[in-house]
Amino acid sequence: MADKKKEKRANNLADQAVYDAYKDAIPENEAWTWQIEGLQPPHIGRPYQNAGVKKAVTVLILIVAIALSIFFSFRILHTDPFKYGETETDGAALIRFSNPGEMRSLTVDYAVSDVRTVVSTVTGEDGKPVQKTDYTLTPDKTRPVTSIGEYAFNCDEKLQEISIGAQVTSIDPKAFYSCYALKAFHVDPENPNYCDVDGVLFNKDKTVLLCYPIDHDLYLREKYGYTAQYWPTDKWREKGLDKYNKDYTPEYEARVNTYIVPETVKTIGPLAFNYAELFRIYLPEGLERLETMALFRNWHLEVCDTYTGKAPEGEIPALSNLKASLPDSLTFIGSDCFNCDEQLQYVFIPENVTEIGHHAFWGALKAASPDGVPRIYTARSGESLKANVTLGDQWRGEYDKGLFPHASEVIGGAARAQIDS
Amino acid sequence: MPLNYVWTLIGWVINDNLGFLEKKKERALYGLYFSLIVIGVTLIAAPISRLFDPNSALVTFMNGLEGVSFDSFFKLFGAHILWNGWAGARNIFWRKKLIPKFGRYKYCLYCDFVPKCIMVVLICWLPIYAIEDVVERVWKANLLFSIYSLFGFENVLENCAQNISPDTRERVLVRTYPIKLSHLAHSIIAIILPVIIGKLPNKWEDINVFHWVIPIAFVTSASLTMIFAGRIKERIPQPPLEKKVKIDFWDGIFGVMGNKYKWVNTIVGLLDSLGNGMLPFATILYLYTFRLSGLLYSLIVALVSFAGTPPDFFTPYFMRRFSFRQIMIFYQLSRAAGSAVIVASLFFFRTNVVLCGTVCVVVLILMEMCKTVPTSVGHDMDIRINDYQMYLSGERLESFSGVFGWFTGPIVSFVGLIIPLLLLSHGFNSNWDVLYVDDSRAYIIIIPILIDIAGYLLMTIPYIFWDYDDDKQNKVMAVLRRREEASLDGVEAPTEAREEASVHG
Chain A
-15 MADKKKEKRA NNLADQAVYD AYKDAIPENE AWTWQIEGLQ PPHIGRPYQN AGVKKAVTVL
45 ILIVAIALSI FFSFRILHTD PFKYGETETD GAALIRFSNP GEMRSLTVDY AVSDVRTVVS
105 TVTGEDGKPV QKTDYTLTPD KTRPVTSIGE YAFNCDEKLQ EISIGAQVTS IDPKAFYSCY
165 ALKAFHVDPE NPNYCDVDGV LFNKDKTVLL CYPIDHDLYL REKYGYTAQY WPTDKWREKG
225 LDKYNKDYTP EYEARVNTYI VPETVKTIGP LAFNYAELFR IYLPEGLERL ETMALFRNWH
285 LEVCDTYTGK APEGEIPALS NLKASLPDSL TFIGSDCFNC DEQLQYVFIP ENVTEIGHHA
345 FWGALKAASP DGVPRIYTAR SGESLKANVT LGDQWRGEYD KGLFPHASEV IGGAARAQID
405 S
Chain B
25 MPLNYVWTLI GWVINDNLGF LEKKKERALY GLYFSLIVIG VTLIAAPISR LFDPNSALVT
85 FMNGLEGVSF DSFFKLFGAH ILWNGWAGAR NIFWRKKLIP KFGRYKYCLY CDFVPKCIMV
145 VLICWLPIYA IEDVVERVWK ANLLFSIYSL FGFENVLENC AQNISPDTRE RVLVRTYPIK
205 LSHLAHSIIA IILPVIIGKL PNKWEDINVF HWVIPIAFVT SASLTMIFAG RIKERIPQPP
265 LEKKVKIDFW DGIFGVMGNK YKWVNTIVGL LDSLGNGMLP FATILYLYTF RLSGLLYSLI
325 VALVSFAGTP PDFFTPYFMR RFSFRQIMIF YQLSRAAGSA VIVASLFFFR TNVVLCGTVC
385 VVVLILMEMC KTVPTSVGHD MDIRINDYQM YLSGERLESF SGVFGWFTGP IVSFVGLIIP
445 LLLLSHGFNS NWDVLYVDDS RAYIIIIPIL IDIAGYLLMT IPYIFWDYDD DKQNKVMAVL
505 RRREEASLDG VEAPTEAREE ASVHG
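Respectively, the protein sequence lines represent chains A and B. Mapping of the first sequence onto the numbering used here: residues -15 to 405, in sequence order. Mapping of the second sequence onto the numbering used here: residues 25 to 529, in sequence order.
Quick caveat, the hints were computed from the structure, so don't treat them as lab data. Please read all numbers here as calculations on a predicted model, not as lab measurements. Incorrect hints may appear among the rest.
[Claimed, not checked] Derived BS3-like pairs (lysine-lysine); straight-line CA-CA distance at most 30 angstroms:
1) Lys39(A) <-> Lys270(B)
2) Lys270(B) <-> Lys38(A)
3) Lys267(B) <-> Lys38(A)
4) Lys7(A) <-> Lys267(B)
5) Lys39(A) <-> Lys284(B)
6) Lys284(B) <-> Lys38(A)
7) Lys47(B) <-> Lys39(A)
8) Lys270(B) <-> Lys7(A)
9) Lys164(B) <-> Lys49(B)
10) Lys7(A) <-> Lys49(B)
11) Lys385(A) <-> Lys227(B)
12) Lys267(B) <-> Lys39(A)
13) Lys496(B) <-> Lys350(A)
14) Lys385(A) <-> Lys223(B)
15) Lys7(A) <-> Lys48(B)
16) Lys7(A) <-> Lys496(B)
17) Lys164(B) <-> Lys142(A)
18) Lys38(A) <-> Lys49(B)
19) Lys223(B) <-> Lys38(A)
20) Lys125(B) <-> Lys38(A)
21) Lys39(A) <-> Lys125(B)
22) Lys227(B) <-> Lys39(A)
23) Lys112(A) <-> Lys267(B)
24) Lys257(B) <-> Lys350(A)
25) Lys49(B) <-> Lys116(A)
26) Lys47(B) <-> Lys270(B)
27) Lys284(B) <-> Lys7(A)
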């Protein structure tokens, strides 16, 4: 130890000695011009050789560099409205749609070769001039769109209606993720693989529900003729009021904020109900799979019950045909399926479920329990659940208590609750 | 945007002359800046838009944009002009006034402390968010935050502490111990504040966070900064300010461009920019893979960031034992290896979130441990480059070094397009919830990391050309010290470059 200290001290002294010796070797009058061996000579107070040429070249390079920087900066902001890829058949694959501004409806049938924007000034409701934008699309009739790719419409905030042509035979489940303004799909009746039922997208035989548009409630309000007084307004939001007024009539709630999944449906697809503004959803007995993120972030969803028999139209199923929570036929609950469905009141996992994905009930059921502990009821006992069901990480979610989060409570071997009203 | 280039060019000349300009130039610049202030205030206060036809196509177009109107455009532009005029004028004034007393690195603390605190309180208390008209809210918020950004207060003391000593070993010791201790204090605050905020009814969205927590935390920290600032004294060997070398624009530009080591650093930075546009991987890991929140989140973040502290105490040893070149090449290779393990983990365990997250956190801890010594070395390299620049040009030319950013700007901008476009194709857009989708999350993280790995491997190449060793640094410092002595003995720098302005500090 002492030797090491001595060695370190010796090194320090040696460095200092080199430093001092070198400093003293520099004559004072050469301090500004002294060149250190292995380094460039100082250049102080002397004109540069060929300074004019160097300045010109530097300025030129800088101008080009700045121009390119500005160009690339603006290039980031520019995107083509439609981006297509080729498919194995002669058709085109719609890879990306970037709304050119105010486009509200779009028909996906043929590749669009040209988009013309027509801006006109019209008189608004208040008598002031308002800018109105229309779009003229030129379809390329030789290139039918046969597929819509992953995230093709991702995060579009303007598009309200999408019409799907007869030749579209493949739609990625994530194609319409986060389309906040989307209120309805319209599928060409000739389409062999897909159809729509009242604006909701299904596969042709209606065994798979593919996408419930996020703003489908707007479509339903318009359909049933509800006036603006029932609609959420910005003023309400600014006042911190909930988007939906709880004093609405039960009829309104049944028609606009309730969805009854058709009895033919066996699978609810990935992200099918992402961000849906629903209070109640009724699943058919016979449903087998709730795919990944199927009911992702349904903030207002309170009831997710099961009905038997045929789906009634526009009204809540009769009590005799209802049972609380998920259908007995269900076998699979995908990851993040009920993520952040905070208002959900009750979940019962039936015996047939063999797999529950990770974080399936993450952030769900928070408002359900007076003591703040979310509870999930399962038909299987705790041991049976662990032994026979493939459980994803943190599938049951957590709640905050004290300094650290705790896992939600699972009550095994429970009987399904009865619906009493 | 093009105007910014003009303001920046003028700023370089002022900064690297430490605010001491020829009288004529100083008067001209003050004239320019005061004119800008007047123009800026006029644009904000006067209804300029009324001079135009309200039904014209341009006005209608501007009024149709979200958050902006034709009228507010002038106010936003006015704020920009006002900011630049005000910033320029105070830059000359305060540098000239305070640098002779406090030195070039910490002078701004003394002129920025009070206004910065006032601005923090104003931002937190003024109900700009309650203005119903979005257009009005936007331009007023822009003005407020512009003025806030006028006063710099970030990391001044740390920057100062890293630069104060002319002795390499002392610099390393300062960086290793006192600065690390301050980081520890920072980590403790980073744990405590989220816990306090977590106790508020609406957590981070609670108005009390803005009314009380942020202002109190800021003013307390800033006051502590001011208390300790007095104990730091800048000791860069340099001639007295009245005899300092005068830096003309082209002297500055050619001076920095002639510095080989600045080019090494620039190329390294350019290659590092390959990862531009990458999302904060660790945050995604904590929030979307591990789903952490509250105290647990704070603890893991603190654990990972603290992992780098113990190795830093060995920094002096590593810097003595290995050359800068060896350390920096090892660093890039360790980053590449760590990132490769993370990619493998994300790819193979994408749905097994706990295993994936655990592997990633362990690798992050190891990478953090490998990072600290090279980070200190990197800081010292920057300071050595500035010392070397002072040897070459008679000034450190830290502002003129910004010209390298102009050269590399287009490449960085172009490269910066790559990752966002790749992320967009995997669903990353304005909605971060896409990170809950397992496949997308994996690719959104993996793709940029793969590009980053390529960058890390390429970054080893420029460091091969780093040959500025301790011996050269000692000699450079000896020359600088000799110049200081010579100036004090009346030996002046070459005539053409002598500072003609007198000091009135």
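Comparing the hints with the structure gives:
1. Lys39(A) <-> Lys270(B): holds (19 angstroms)
2. Lys270(B) <-> Lys38(A): Given pair lysine 270(B), lysine 38(A) holds - Cα atoms ~21 angstroms apart, limit 30 angstroms.
3. Lys267(B) <-> Lys38(A): holds (29 angstroms)
4. Lys7(A) <-> Lys267(B): At roughly 20 angstroms apart (the allowed maximum being 30 angstroms), lysine 267(B) and lysine 7(A) satisfy the hint.
5. Lys39(A) <-> Lys284(B): At roughly 19 angstroms apart (the allowed maximum being 30 angstroms), lysine 284(B) and lysine 39(A) satisfy the hint.
6. Lys284(B) <-> Lys38(A): holds (17 angstroms)
7. Lys47(B) <-> Lys39(A): Between lysine 47(B) and lysine 39(A) the Cα gap is close to 26 angstroms, so the pair holds against 30 angstroms.
8. Lys270(B) <-> Lys7(A): holds (24 angstroms)
9. Lys164(B) <-> Lys49(B): violated (34 angstroms)
10. Lys7(A) <-> Lys49(B): violated (36 angstroms)
11. Lys385(A) <-> Lys227(B): Roughly 15 angstroms between the alpha carbons, so the hint for lysine 385(A) and lysine 227(B) holds.
12. Lys267(B) <-> Lys39(A): Given that 30 angstroms is the threshold and the Cα spacing comes to 27 angstroms, the pair holds.
13. Lys496(B) <-> Lys350(A): The given pair, whose Cα atoms are some 65 angstroms apart, is violated under the 30 angstroms limit.
14. Lys385(A) <-> Lys223(B): The hint holds at about 11 angstroms.
15. Lys7(A) <-> Lys48(B): violated (38 angstroms)
16. Lys7(A) <-> Lys496(B): Satisfied, since the Cα-Cα distance of roughly 12 angstroms is no more than 30 angstroms.
17. Lys164(B) <-> Lys142(A): holds (28 angstroms)
18. Lys38(A) <-> Lys49(B): holds (24 angstroms)
19. Lys223(B) <-> Lys38(A): The hint is violated at about 62 angstroms.
20. Lys125(B) <-> Lys38(A): violated (38 angstroms)
21. Lys39(A) <-> Lys125(B): Not OK: lysine 39(A) and lysine 125(B) at ~36 angstroms, beyond 30 angstroms, violated.
22. Lys227(B) <-> Lys39(A): Roughly 57 angstroms separates the two Cα atoms, so the pair is violated.
23. Lys112(A) <-> Lys267(B): Distance ~66 angstroms between lysine 112(A) and lysine 267(B) Cα, so the pair is violated.
24. Lys257(B) <-> Lys350(A): With Cα atoms ~56 angstroms apart, lysine 257(B) and lysine 350(A) exceed 30 angstroms; violated.
25. Lys49(B) <-> Lys116(A): violated (52 angstroms)
26. Lys47(B) <-> Lys270(B): Holds - the C-alpha atoms of lysine 270(B) and lysine 47(B) are around 13 angstroms apart, at most 30 angstroms.
27. Lys284(B) <-> Lys7(A): holds (24 angstroms)
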